[in-house]
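S.K.: Going line by line, the protein sequences match chains A and B. So the first sequence is numbered by this note's numbering: it starts at -1 and just counts up by one. So the second sequence is numbered by this note's numbering: it starts at -1 and just counts up by one.
Simulated from the structure, these hints should not be mistaken for laboratory data. Treat the hints with care, since some could be wrong.
A pair counts as met if it fits within one copy or between any two copies, since identical chains are not told apart.
Derived pair list, reagent style SDA-like, types lysine to any residue, alpha-carbon separation capped at 20 Å [what the hints assert, rightly or not]:
hint : residue 1 : residue 2
1    : Lys182    : Arg194
2    : Lys182    : Thr73
3    : Lys268    : Ala306
4    : Lys268    : Leu90
5    : Lys182    : Ala199
6    : Lys268    : Ala379
7    : Lys182    : Met243
8    : Lys268    : Gly291
9    : Lys182    : Ser11
10   : Lys268    : Ala290
11   : Lys182    : Glu254
12   : Lys268    : Glu305
13   : Lys182    : Asp252
14   : Lys182    : Asp75
15   : Lys182    : Arg263
16   : Lys268    : Trp207
2 protein chains.
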Amino acid sequence: MSGGSAELVAIGSELLGPGRTDTNGSFLTRRLGEAGIAVRFRTIVGDTPADLEDVLRNALRRSQVVIATGGLGPTIDDLTREAAAAVLDLPLDEDPSILRDLEDRYRRRGLVMPPQNRRQAQVPRGAEVIPNPHGSAPGLALRHDGRLLVLLPGVPLEMRTMFDASVGPMLPASGVRFATRILKIASLTESEVDHRLDPVARSAAPVEWTILAAPGQVEIHLRERVPDGGGNPGIDRIDRECAAMLGDHLFGRDEETLEEIVGGRLLARKESVATAESLTGGLIAARLSSVAGASGWLAGGMVCYGEAAKTGLGGVAANLIAAHGAVSAPVAEALAAGARATLRATWGVSATGYAGPDSGPEGPPGTVFVAIAGTSVRRHAALRLPGDRAAIRKRAAQSALDLLRRAVLGGDPA
Amino acid sequence: MSGGSAELVAIGSELLGPGRTDTNGSFLTRRLGEAGIAVRFRTIVGDTPADLEDVLRNALRRSQVVIATGGLGPTIDDLTREAAAAVLDLPLDEDPSILRDLEDRYRRRGLVMPPQNRRQAQVPRGAEVIPNPHGSAPGLALRHDGRLLVLLPGVPLEMRTMFDASVGPMLPASGVRFATRILKIASLTESEVDHRLDPVARSAAPVEWTILAAPGQVEIHLRERVPDGGGNPGIDRIDRECAAMLGDHLFGRDEETLEEIVGGRLLARKESVATAESLTGGLIAARLSSVAGASGWLAGGMVCYGEAAKTGLGGVAANLIAAHGAVSAPVAEALAAGARATLRATWGVSATGYAGPDSGPEGPPGTVFVAIAGTSVRRHAALRLPGDRAAIRKRAAQSALDLLRRAVLGGDPA
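Using the sequences provided together with the hints, build the complete structure.
M.R.: Right, here's the structure in full:
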């Protein structure tokens, strides 16, 4: 019933540099999960023989399936074959059929194979050769002490094709898969969510429970090992319990975004929205317009960054700003009302505040008012948002969208 | 002469799921490199105590400096403190000053600390506490057998601030450092850059050379090992050679962004800009307003998503749209001119086009016109952008900003 656990090893000194990411890991994690195999470790290591051997030895000690990507090319830094042979104490033999294929590849392009490429025909004794339809480096599979070690090239297209054609069928049969779900929560902090959901989290097992915070959003990641072909009763139970505890704070699941949900509700209600943004400077409109088909319900928007833009473009009365300040609830509501009037939309949504680093006359960075306006509804939220300039702007946009989401959620009129 | 080697450990089961990346590794690799410490291993592990201990034990065996991020929060899956204490065989004590700080944080927000947060005050005996100015979880530094183990929160802002303030000074002195530079290039594809810079790349050694592409931007990452306190002559030489080959396509270095460079030029010229966006829907304004101090040169903006918004808010003549279509060079230029007139700015910048997934009457997704308008200058670019909806929008915003950058780069009048 168990497919065991896996470790992914990404090999290549370039992957240890700043600004590089291992893009193969996501693909392999997803495919292994579909086969009921959990990835418990991921390691990145350079092309140093001793480091590479250390990592492979550790991986084979603690994981049933080890998939290593990279280091199979023809250059002198490509040392994965040698390291695997050393760790498993196997000699390297030259495989004549690989050599023939390599030479053929060059011959077809009218070239002679450079002598160093002969290294790619070296195979640890007993290894199964995995064909590579898109490149010169074949893969290798080695079985040892009930463990499976698979070596694949690091080029994503080659790796994916080889995994799907040849590696999938080698994996231990499990009869199980990992079902996953993400629950998305707005307008509560991570510790508020943690506190409210504490009893659900404590009784989550055997479902794995992880809580994650992004600016303005908290997510619960659930994972359950279930028999192939069946449902995921544990996840469904926890979903119901969380929904009951969180009410409309739980806004979506999996890939759903706040902007998609708002757009979907507006479309269903045959309504539209316009934006008026000060500190968010276009972030709210950019998120709404990221939804395919947004032209059906997004009338347009205004970025009223300075005071002149607020009174001119935004239609806010100058005496309102004089009386309350540009960062205030009345100005936020006036901006929302101005956006809907100017752009002839059902709803207006707005944000005004200080993103920092400087404070303003009405408070420190993070002092933010978001508002919505409909035909008869006006509503605002006064916020004290933590974080740096980017985080404050992101949280403000999220809060404004969430205020709008709550308003359009039910059947109430604008 | 050697600062030794480092291992980065990213902790959190969510980091093992598909689609998640460890964003802290790049920052830490860069900073450690600046201190002459090479990262030789990076490991990702979940919140399972035995796995976490196995990874920390291995890391301390093979690396002089181990930096672990994540798993320091208040929830029951935050187990890094416990794992470090177990691996180093140290008892956990409650630190009264951490506890006081935690309680104060809640009190200032008018809240009572939930009891489970008390866990964050647990400290392995002898650990040095690293203050966290942006969050509740303090970091911890442990010295053992000539090794340094540092535990930091996984939240990037918190981690970075704490590293720079407290961890940097703890690192072993090395006498060398890795100098790095990123060259940023706009309006050329990766293969165009690769082709133009081929001779420079071939003679780059001993400087390491990596080329990377993001939507609308190509980057050259350079790295050179140099003695402490000296310059980086290799990087400087390559920088000069690239600048000569690329001309004004090379727009910035390291952390510089296109929007910062545009803002800096506008400020120096005492000019301002206003945006009018169709398919980018606020992305251009959001990028410009992300720059601290943008209120000095960003007048505001308009999102003219539908045709009504283009003729109404955007001030585009209806017969211009009828004659050329909403996605056309004349409409892009009229939008840019409308933005500068309505918002009384020196410059207007605009984008109109099809982001997809649907095609429009004037072409397939990726058909985009960007434009700028000044007092006497009007300029546009007709583009065929590749990628999905998100990539097309991002590339369009980048192209519009780059058109503006070239216009404000020199001393020419608007």
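S.K.: Output the indices of the hints that this structure fails to meet, ascending.
M.R.: 4, 6, 16
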